[in-house]
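These protein sequence lines map, in sequence, to chains R and U. With our numbering applied, the first sequence corresponds to residues 1 to 245, in that order. With our numbering applied, the second sequence corresponds to residues 1 to 290, in that order.
Just so you know, the hints here were simulated from the structure itself, not pulled from any lab data. Just so it is clear, CB atoms sit at the ideal spot from N, CA and C, and this is done for glycine as well. Any given hint might turn out to be false.
Said to hold, decoys possible - Listing some non-contacts, in silico: residues in chain R with all C-beta distances to chain U over 12 Å:
(1) L64
(2) R78
(3) G92
(4) N107
(5) E108
(6) A113
(7) E115
(8) P119
(9) A154
(10) M160
(11) R191
(12) P205
(13) D233
(14) E234
What the hints assert, rightly or not - With a straight-line cut-off of 20 Å between C-alpha atoms, the simulated SDA-like cross-links for lysine to any residue are:
(15) K208/U / D87/R
(16) K208/U / L86/R
(17) K208/U / S97/R
(18) K208/U / T267/U
(19) K208/U / L219/U
(20) K208/U / H24/R
(21) K208/U / L93/R
(22) K208/U / A117/R
(23) K208/U / R96/R
(24) K208/U / D94/R
Unchecked claim - The following label-pair restraints were derived from C-beta to C-beta distances:
(25) V154/U / G55/R: 25 to 35 Å
(26) D153/R / V192/U: 41 to 51 Å
(27) S227/U / G55/R: 40 to 50 Å
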Amino acid sequence: MALTNLAVSARDVRRTFDGRTVLHGLDLDLRPGEFVALLGRSGSGKSTFLRALAGLDTGFDGTLTVPRRRSVVFQDARLLPWMSVLDNVLLGLDGRSERERAREVLNEVGLAAHEDAWPRTLSGGEAQRAALARALVRSPDLLLLDEPFGALDALTRIRMHVLVQQLWARHRPAALLVTHDVDEAILLADRVLVLTDGRFSLDVPVEIHQPRHRGDQRFIDLRARLLAELGVDESAPTTRQGAHA
Amino acid sequence: MSAPPVAAVVDEPVVLAATQAAPATVVETVELRSVAPSTDRRRRLPRSLERLGGVVALFAAWELAARVGWIAPDVLAGPSTVLTAGTDLLRSGVLLESLWASVQRVGWGLGLGVPIGTALALIASLSRLGDDLVDANVQMLRFVPIIALQPLFVVWLGVGETVKIAMIVLGVAFPIYVNTSSAIRALDVRYVELATSVGLTRRALIRKVVLPGALPGFLVGLRLATSIAWLLLVFAEQINATSGIGFLMARAQVFFQTDVIVVGLVTYAVLGLLSDGAVRLLERRLLRWR
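The task is simple: from the sequences and hints, build the whole structure.
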């Protein structure tokens, strides 16, 4: 097939909800092993697009080619509370043949000691790491991350960024990270897309070597550019208010 | 600035400024309270024992009234007479025989009613057709008092064991159905979405997500069902029984043996308590993850 060298190919993907168009014909190619961040304000349609890629929403028009093996990490860890952490990681897999591999992945995310724990006993960060393990144990060709750090505190989020970076470098799936955190997008992605009102309004590569630092001039420039694209002017609101005072 | 010292509430005055020119000025007006846990010296007995006192008093008054003759034996036998009647019935084997007959009826009732209620709940909440066929009808029939169905049941099933068990089965199936199906309907859709994203088959979805998710609701239904089962047993055994606790009581009624009637009442209560305890234990086992 012609698409074998692409992990994702979207052509003219449209989605309407009750006559309201949320996605206006999106085109996107993702190479295998590419990490793309999808930025957008709330209501821009970024989660809708991710759900279509995940196969959770089949009501769209257009053509979408995705790998068979893909996994999703949701904003909430979404662990089944009545299963141990290990069984959650193994959900939908053959418990006997995959058990050892699930243990390995739990070890990778630093939860080896918690494999028998009930999800309710985990902290927010631990639960999200278990969710990452559940996604990675499937050796996905496409990893879909739907604001996976949105509900975590700032310190845990920083640690999760490092962890995701490491795991992605080791497993190398194509990854699509939906987020509204500009810094997170620049820190992790090879390429950042901005979705504005259901259309890609910006597509920029992140040409900063890892590890990236927020103080780097190129980081600062890119952040300003992305924020401007998102309609946020970091200096504007205070200046304007100050002028009136 | 030699203002008069302000009285302090604390034992040790807090000296904020002390120079030779001005003597120590204490400004500490905040009342300090001990935050140590208060110890209630009046309570020496555990609360459960204290509560038992009331029960003991009631039994003592009852015994006294029976001995003195304020209550005639054919109105209500005293506790000691009941105890004697109970041990006699136990020793002769009559009590155990009756107990076994009653337990069997409830066992059959629960054994058939619980799976029926659960199966109907699954059918009704997992498919549109099942919902149309089952739910509306069950919700309608739910409001018919089961006891009122007895004449019809006797016409259909006679007066043997079948009719007694059938009534219990019906009485058990409703609370199981209602609680299980509403628990399935209330299941978090995000879990179903997760199941889709990891590619669970429909069977695996039911086994790993739907059933465990509905378990808390099912167990609420089971507790209700056991108490209803005993209630219906009492009713069923009052009509045309030739064995069981109810039969024992009905026969005692003929001879004004109030002591035997009370033994029957106590037996029912103990059985109800035991089965409720069993369900609680089951709850604790199955819902450890909570």
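Okay, the hints, checked on the actual structure:
| no. | hint | in the structure |
| --- | --- | --- |
| 1 | L64 | 15 Å, holds |
| 2 | R78 | 5 Å, violated |
| 3 | G92 | 4 Å, violated |
| 4 | N107 | 21 Å, holds |
| 5 | E108 | 19 Å, holds |
| 6 | A113 | 18 Å, holds |
| 7 | E115 | 15 Å, holds |
| 8 | P119 | 8 Å, violated |
| 9 | A154 | 25 Å, holds |
| 10 | M160 | 19 Å, holds |
| 11 | R191 | 24 Å, holds |
| 12 | P205 | 29 Å, holds |
| 13 | D233 | 36 Å, holds |
| 14 | E234 | 35 Å, holds |
| 15 | K208/U / D87/R | 10 Å, holds |
| 16 | K208/U / L86/R | 14 Å, holds |
| 17 | K208/U / S97/R | 18 Å, holds |
| 18 | K208/U / T267/U | 40 Å, violated |
| 19 | K208/U / L219/U | 17 Å, holds |
| 20 | K208/U / H24/R | 38 Å, violated |
| 21 | K208/U / L93/R | 12 Å, holds |
| 22 | K208/U / A117/R | 17 Å, holds |
| 23 | K208/U / R96/R | 16 Å, holds |
| 24 | K208/U / D94/R | 13 Å, holds |
| 25 | V154/U / G55/R: 25 to 35 Å | 57 Å, violated |
| 26 | D153/R / V192/U: 41 to 51 Å | 29 Å, violated |
| 27 | S227/U / G55/R: 40 to 50 Å | 46 Å, holds |
Hints 2, 3, 8, 18, 20, 25 and 26 from the earlier list are contradicted by this structure; the remaining hints agree with it.
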